[in-house]
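Visitor: As given, the protein sequences belong to chains U and V, one line each in that order. Residue numbers for the first sequence follow our numbering, beginning at 1 and rising by one. Residue numbers for the second sequence follow our numbering, beginning at 508 and rising by one.
Rather than coming from a laboratory, the hints here were simulated on the basis of the structure. Honestly, I wouldn't trust all of these hints.
[Unchecked claim] Taking beta-carbon pairs under 8 Å as the criterion, some of the chain U residues facing chain V (in silico):
1. C79
2. R112
3. R149
4. G158
5. K188
6. Q190
7. R288
8. G332
[As the list claims (entries may be wrong)] Calculated lysine to any residue pairs in the SDA-like style (CA-CA distance at most 20 Å, straight line):
9. U:K65 with V:A745
10. U:K119 with U:S140
11. U:K52 with U:Q108
12. U:K128 with V:S714
13. U:K119 with V:L716
14. U:K58 with V:V637
15. U:K29 with U:K289
16. U:K65 with V:V637
17. U:K481 with U:E462
18. U:K289 with V:L716
19. U:K342 with U:S372
20. U:K229 with U:P246
21. U:K19 with V:V637
Glycine included, every Cβ here is placed at the ideal spot set by N, Cα and C.
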Amino acid sequence: MAAAEFDIPELKDEIEIPKLREGSMAHAKSFLAGKPVQDFMGYPHELGEDWKERALDKMGDLLGKYRSLKVFLDACVHCGACTDKCHYYIGTADPKNMPVARQDLMRQVYRRYFTTAGKLFPKLVGAKDLTKDILDDWYSYYHQCSECRRCSVFCPYGIDTAEITMAGREILNHVGMGQKYSNEILGKVQKIGNNLGLPGPALEDTLEGLEEDIEADTGVAVKMPLDVKGAEVLLVTPSADFFSEPHVESLIGYAKVFHAAGISWTLSSHASEAGNFGLFNGNYETMRKVAMRIREAALELGVKRIVVGECGHAWRVAYSFWNTLTGIGYGGNDPFSIELQKQLDPTYPQPQHICELTNDLIKSGKIKVDPSLNDDLIVTYHDSCNVARASRMGTEEGGQFTIPRELIQSVVNNFHNMADETIRESTFCCGGGGGLLTDDLMEVRVKGALPRATALNNVVKEHQVNFMATICAICKAQFTKVLPKYGFDMSMVGGVHQLVSKAIKLD
Amino acid sequence: MSTVTMIYAGMFYIATLLLVVGLGYKIFDYSRTPAPLKIPTTPAPITQKGVVYRMAKEVVLFESLFKSNKWIWVFGWLFHMGLFLVLARHLRYFTEPVWFWVNIVQPFGKYASIMMVVGLLGLFARRFLVDRVRYISTPSDYLMLVLLIAIGLSGMMMTFVAHTDIVALKAFFMGLMYFDVQPVPMDPILLVHLALVVLLMVIFPISKLLHAPGIFFSPTRNQADNPREHRHVAAWAARLDQNN
Numbered sequence: 001m002a003a004a005e006f007d008i009p010e011l012k013d014e015i016e017i018p019k020l021r022e023g024s025m026a027h028a029k030s031f032l033a034g035k036p037v038q039d040f041m042g043y044p045h046e047l048g049e050d051w052k053e054r055a056l057d058k059m060g061d062l063l064g065k066y067r068s069l070k071v072f073l074d075a076c077v078h079c080g081a082c083t084d085k086c087h088y089y090i091g092t093a094d095p096k097n098m099p100v101a102r103q104d105l106m107r108q109v110y111r112r113y114f115t116t117a118g119k120l121f122p123k124l125v126g127a128k129d130l131t132k133d134i135l136d137d138w139y140s141y142y143h144q145c146s147e148c149r150r151c152s153v154f155c156p157y158g159i160d161t162a163e164i165t166m167a168g169r170e171i172l173n174h175v176g177m178g179q180k181y182s183n184e185i186l187g188k189v190q191k192i193g194n195n196l197g198l199p200g201p202a203l204e205d206t207l208e209g210l211e212e213d214i215e216a217d218t219g220v221a222v223k224m225p226l227d228v229k230g231a232e233v234l235l236v237t238p239s240a241d242f243f244s245e246p247h248v249e250s251l252i253g254y255a256k257v258f259h260a261a262g263i264s265w266t267l268s269s270h271a272s273e274a275g276n277f278g279l280f281n282g283n284y285e286t287m288r289k290v291a292m293r294i295r296e297a298a299l300e301l302g303v304k305r306i307v308v309g310e311c312g313h314a315w316r317v318a319y320s321f322w323n324t325l326t327g328i329g330y331g332g333n334d335p336f337s338i339e340l341q342k343q344l345d346p347t348y349p350q351p352q353h354i355c356e357l358t359n360d361l362i363k364s365g366k367i368k369v370d371p372s373l374n375d376d377l378i379v380t381y382h383d384s385c386n387v388a389r390a391s392r393m394g395t396e397e398g399g400q401f402t403i404p405r406e407l408i409q410s411v412v413n414n415f416h417n418m419a420d421e422t423i424r425e426s427t428f429c430c431g432g433g434g435g436l437l438t439d440d441l442m443e444v445r446v447k448g449a450l451p452r453a454t455a456l457n458n459v460v461k462e463h464q465v466n467f468m469a470t471i472c473a474i475c476k477a478q479f480t481k482v483l484p485k486y487g488f489d490m491s492m493v494g495g496v497h498q499l500v501s502k503a504i505k506l507d
Numbered sequence: 508m509s510t511v512t513m514i515y516a517g518m519f520y521i522a523t524l525l526l527v528v529g530l531g532y533k534i535f536d537y538s539r540t541p542a543p544l545k546i547p548t549t550p551a552p553i554t555q556k557g558v559v560y561r562m563a564k565e566v567v568l569f570e571s572l573f574k575s576n577k578w579i580w581v582f583g584w585l586f587h588m589g590l591f592l593v594l595a596r597h598l599r600y601f602t603e604p605v606w607f608w609v610n611i612v613q614p615f616g617k618y619a620s621i622m623m624v625v626g627l628l629g630l631f632a633r634r635f636l637v638d639r640v641r642y643i644s645t646p647s648d649y650l651m652l653v654l655l656i657a658i659g660l661s662g663m664m665m666t667f668v669a670h671t672d673i674v675a676l677k678a679f680f681m682g683l684m685y686f687d688v689q690p691v692p693m694d695p696i697l698l699v700h701l702a703l704v705v706l707l708m709v710i711f712p713i714s715k716l717l718h719a720p721g722i723f724f725s726p727t728r729n730q731a732d733n734p735r736e737h738r739h740v741a742a743w744a745a746r747l748d749q750n751n
């Protein structure tokens, strides 16, 4: 079904904070998940008579399990610091896309049913009974949040709207209002092993084809091993890398890096997906189940290292949560963790980001690169939200900003940052993260990309930038689709390892 | 003992009880609720010491707010620092002999009340002047500012315009503390000031004033960024490991 027509915002010289336009995005609703999808996930597929009790029970359950939710719902003072920080508010002007207003959709219900003040004086403190209209608002606006955490940087109490959005989606799932896009993906990854639903044999064919392409292109037999027991490295990468453009160019880049460095590596058909949409839905157990496939593959293949490809939310889950969820990491002294730890090589961080690995290899001279091979490009770098604000690379605070930039600048000669207030911890989401990368939310995606498009446009005008590198599969898919609406060429977006791939010397 | 004294003594005892029990319960509740995942907003400190430094900058300097919005920061910081100095100055009504540092703060505390009220007026103005902030404001958001401004102005009246009987007032509070109730001075401005303070104490644990303890429990600010080195598992989540 074609998405509704809408106006593409006009690019201005600066990112402008719009005046409120109430209700301007109330119509944006992504498709609801149907029965088979919800059944598999163990959720109902329609509202039952008891939906209100179910919703409130789930809210109470989450309030007991997540301190973040409890503290964040209590602590907000409505100061307004976050109101102009969300890319969806900037792009749509809908006040319910201001982080605090998005939180208040849940806070009004929390206050009514879980706080003394809201039970006694609902009008005074803005507490409201849970109604179907409010539930519809949740569905609409909790799917206009990419969980990018930009608001949490600027909140004096660190309130992270992503935590509220995740809880909101989890409650919606429990009353039968799941989102088709995310829940279908969660089904595919659990049944087949990746978000695209690409079965093992198809993956094998794809990799063989790529090997042939690389050899035709370079004359060197670079391999893309699959399910090789005893390999040193297990590479876990977003499945988009296997056949989406421009993603696949980065996959070729990783393969060349391993080849040039002489590191034995393998992909896994069981864990052929780094992405983990369990994060977006706020369900710990789903997220854990999806992540467990990587642990299982690592144990099965007997690898010594686990490396993660270019994917933003995957790196958040891998870096921040894998140790918690699956014991991939250090410091655990329980049998579950020790089983894996004694297999992994303690001289490397576990898991390791592909940018950490490649940057170390270049700096130590183990692989050689010629940046002049990228002289046709003038490059900028888009910090992906989950890498920037929810993870790290290297051993220093802020390594997630310096390491990718160091790596880019070692393989290209022309590099320019975008404006300070749009990069590093203040980076703007691409507009398609957090489970919104679906055509039924195209208006939200296009408008949400406005701040990034504005910042990009400025470096294009000032420095003739013609390539924006990023390390996230969702960013790549979103930008190639959405930037053309703002007049940019889709080929100007690609991965950091796409640049490495061009500059690396193979022999 | 006059009826007014009995009412005020009773109000202060009840308000203190509600404040201590209410706030104590909230702090207990926050501390027993697990944070199952590592979610510091990065870049975040790598060590626990770094976390203390980050938290100190948030609590004393409002660092994140400074990055966010200079107007809210100016007014918010003026109000909070003003309030802090004013509260410190008020310790002299509750201590005998008065602690030496309270005497040092005394002259600053007097003028800090101006900072406090100016900050509050600025925050109040933003509530109806900025369309985004107006949209999110509830009646309680305005009333909270009105309450604090009224407390500040009634206090300033007694400091700068019509002095109250401060010796008798101190006797009243020392009496409350030692369960030997003394008469409250029958000054209307003082009685208004005290009644408003009682109201503030009562609503503290059930209102957005919970941001004060809340910030210390905020996982995005109080966690160290070391998930690859330390395994972090909540009790309810650890049970899942055993099923494997």
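Visitor: Now, for every hint given, state plainly whether the structure supports it.
Guide: Cross-check of the supplied hints:
With 8 Å as the threshold, the beta carbon of C79 (chain U) comes within range of chain V, its nearest partner Cβ sitting at about 5 Å, so the hint holds. Interface restraint check: R112 (chain U) against chain V, minimum CB-CB distance 13 Å, threshold 8 Å, status violated. Using the Cβ-Cβ criterion of 8 Å, the hint placing R149 (chain U) at the interface with chain V is satisfied: the shortest such distance is roughly 6 Å. The criterion of a C-beta within 8 Å of any C-beta in chain V is met by G158 (chain U), whose closest approach is roughly 4 Å, and the hint holds.
Proximity of K188 (chain U) to chain V is violated relative to the hint, the smallest CB-CB distance being about 23 Å (cut-off 8 Å). A hinted interface residue such as Q190 (chain U) counts as satisfied when its beta carbon comes closer than 8 Å to some beta carbon of chain V; here the least separation is about 16 Å, so the hint is violated. Proximity of R288 (chain U) to chain V holds as hinted, the smallest CB-CB distance being about 6 Å (cut-off 8 Å). Hint on G332 (chain U) holds. Least Cβ distance to chain V is approximately 4 Å, under the 8 Å limit.
With a CA separation close to 13 Å, the supplied pair K65 (chain U) and A745 (chain V) stays within the 20 Å bound. Note on K119 (chain U) and S140 (chain U): the hinted pairing is violated, with a Cα-Cα distance of about 26 Å set against a maximum of 20 Å. With a C-alpha separation of about 15 Å, the suggested pairing of K52 (chain U) with Q108 (chain U) holds against the 20 Å cut-off. For the hint pairing K128 (chain U) with S714 (chain V), the CA-to-CA distance comes to about 16 Å; that is within 20 Å, so the pair holds.
Taking the CA atoms of K119 (chain U) and L716 (chain V), the gap is about 17 Å. The hint holds against a cut of 20 Å. With a C-alpha separation of about 36 Å, the suggested pairing of K58 (chain U) with V637 (chain V) is violated against the 20 Å cut-off. Only pairs whose Cα atoms come within 20 Å are accepted, and K29 (chain U) paired with K289 (chain U) is rejected, the gap being roughly 28 Å. The straight-line distance between the Cα atoms of K65 (chain U) and V637 (chain V) is roughly 36 Å, outside the 20 Å bound, and the hint therefore fails.
Between K481 (chain U) and E462 (chain U) the CA atoms are separated by roughly 24 Å; this puts the pair beyond 20 Å, and the hint is violated. Between the alpha carbons of K289 (chain U) and L716 (chain V) the distance comes to roughly 39 Å, so the proposed pair goes past 20 Å and is violated. With a C-alpha separation of about 43 Å, the suggested pairing of K342 (chain U) with S372 (chain U) is violated against the 20 Å cut-off. Taking the CA atoms of K229 (chain U) and P246 (chain U), the gap is about 29 Å. The hint is violated against a cut of 20 Å.
Only pairs whose Cα atoms come within 20 Å are accepted, and K19 (chain U) paired with V637 (chain V) is accepted, the gap being roughly 10 Å.
In this structure, the hints that do not hold are numbers 2, 5, 6, 10, 14, 15, 16, 17, 18, 19 and 20, in rising order.
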